[in-house]
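From first to last, the protein sequence lines are chains B and G. For the first sequence, position 225 (counting from the first letter as 1) is numbered 449 according to the working numbering, and the numbering increases by one without interruption. For the second sequence, position 65 (counting from the first letter as 1) is numbered 289 according to the working numbering, and the numbering increases by one without interruption.
Just so you know, the hints here were simulated from the structure itself, not pulled from any lab data. Wrong hints could be hidden among the right ones.
Pairs count within a copy or across copies, as identical chains cannot be separated in the list.
[Said to hold, decoys possible] EDC-like mimics (lysine to aspartate or glutamate), calculated; alpha carbons at most 20 Å apart, straight line:
1. K373 <-> E248
2. K226 <-> D401
3. K373 <-> D349
4. K226 <-> D275
Number of protein chains: 2
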Amino acid sequence: MKPAVVLLSGGLDSATTLAIARAEGYDCHCLSVDYGQRHVAELAAAERVADSQGARDRRVIHLDMNQFGGSALTDVSIAVPTGGVQPGIPVTYVPARNAIMLSLALAWAEVLGARDIFVGVNAVDYSGYPDCRPEFIRAFEAMANLATKAAVEGHRLAIHAPLIDLSKADIIRKGRDLGVDYGLTVSCYQADAEGQACGACDSCRLRREGFASAGVADPTRYRPR
Amino acid sequence: MKPAVVLLSGGLDSATTLAIARAEGYDCHCLSVDYGQRHVAELAAAERVADSQGARDRRVIHLDMNQFGGSALTDVSIAVPTGGVQPGIPVTYVPARNAIMLSLALAWAEVLGARDIFVGVNAVDYSGYPDCRPEFIRAFEAMANLATKAAVEGHRLAIHAPLIDLSKADIIRKGRDLGVDYGLTVSCYQADAEGQACGACDSCRLRREGFASAGVADPTRYRPR
């Protein structure tokens, strides 16, 4: 089996991405990042997801991105919006997060000798984050192929974003077919310590609408209002 | 004054880069990364350099890259070579280090509203690291311009690598002309806690040859053999 690094946040999208990578025959090394996120419960979810899907290995990298702030996810003084998904880039956007996480995945891939990195970004039912667009992924891949020893030695690194043009409902149906237990995942931007979801943030709304649209029972544990 | 983020390791090259950014009129926010490097004394040097050159601000981001290992700088079980600079990529190469550090700088730049990032990479008198080449810097800049909110809003981000085609002697002469105190800097890959240099690693060799070639007195503190 070929090794791959899979970025695993513990949410619905990354859990599906891991299942896809496994189904494609990769030996999956999962990377989670403890970046000072408000919804730190997602890290426990990532561990459950990695275990349930037979990942080879899992690492949590610690990175104090809340030194920079500038996002509702890394600065507790900025509230998470709960009034519905709005046009434009919301305050839950974390500056350069995917560039940083993919760079960390690139580092581990190089040490492992892996030429494949999987990331669960999605540009359909998403929050308008610039670093979830296909043109960003292509540019990152081009950069990665100039950044590393493997590239100099003539290997090609691939950034796989298998969800990029799927709707949330498509993602959920695909995950269901692959046996993903979405009850283990946490998507909420302000999940509590037990991983219970608020039901009102953009991430909860997109997730709930996805289950409804897919006709799949929503296993999310919402906390009492 | 326009804000800029300057990656400041505490070595000779980044100290010179900071001086160039200051001379070009930037208000400099210096970023150092505590990534588990063997030569952690460079972080104290970075603080001295930032203070001596009137940086606006300085942050140290902590990142446990030695979880990945794979480099003599992040894995103490791999020795730093001291036999002279060899062809090829040496074991002191840290996988994806510059992609990671530039991504962190990108995050801070976005929060600050800065459109300029300075990095002291050099592709002449260097150790053959793939992420010090001009094609890597150009690819990173292209990626950065797709990764961030600023880019979506039509701003351009620039990655400045003012040393990229200079010899070590050129760098030293330029820094001397700008008043850089190289006695504050630490380049050695195995500097001791006081910042004293080994004199034998690739970084020490390139630095010492640079001072000799530039005809500038070498202020480096070498430790007794």
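Hints versus structure:
With identical chains, the CA atoms of K373 and E248 are never at most 20 Å apart, being 26 Å at best within one copy and 33 Å at best between copies. In this assembly of identical chains, K226 and D401 lie within 20 Å of each other by CA distance neither inside one copy nor across copies; the values are 23 Å within and 53 Å between. Taking CA atoms no more than 20 Å apart as the test, K373 paired with D349 passes between copies only; the shortest distance there is 18 Å, against 36 Å inside one copy. For a Cα distance limit of 20 Å, the shortest separation of K226 from D275 inside one copy, 19 Å, qualifies, whereas the shortest one across copies, 48 Å, does not.
Consistency note: the structure conflicts with the earlier hints numbered 1 and 2.
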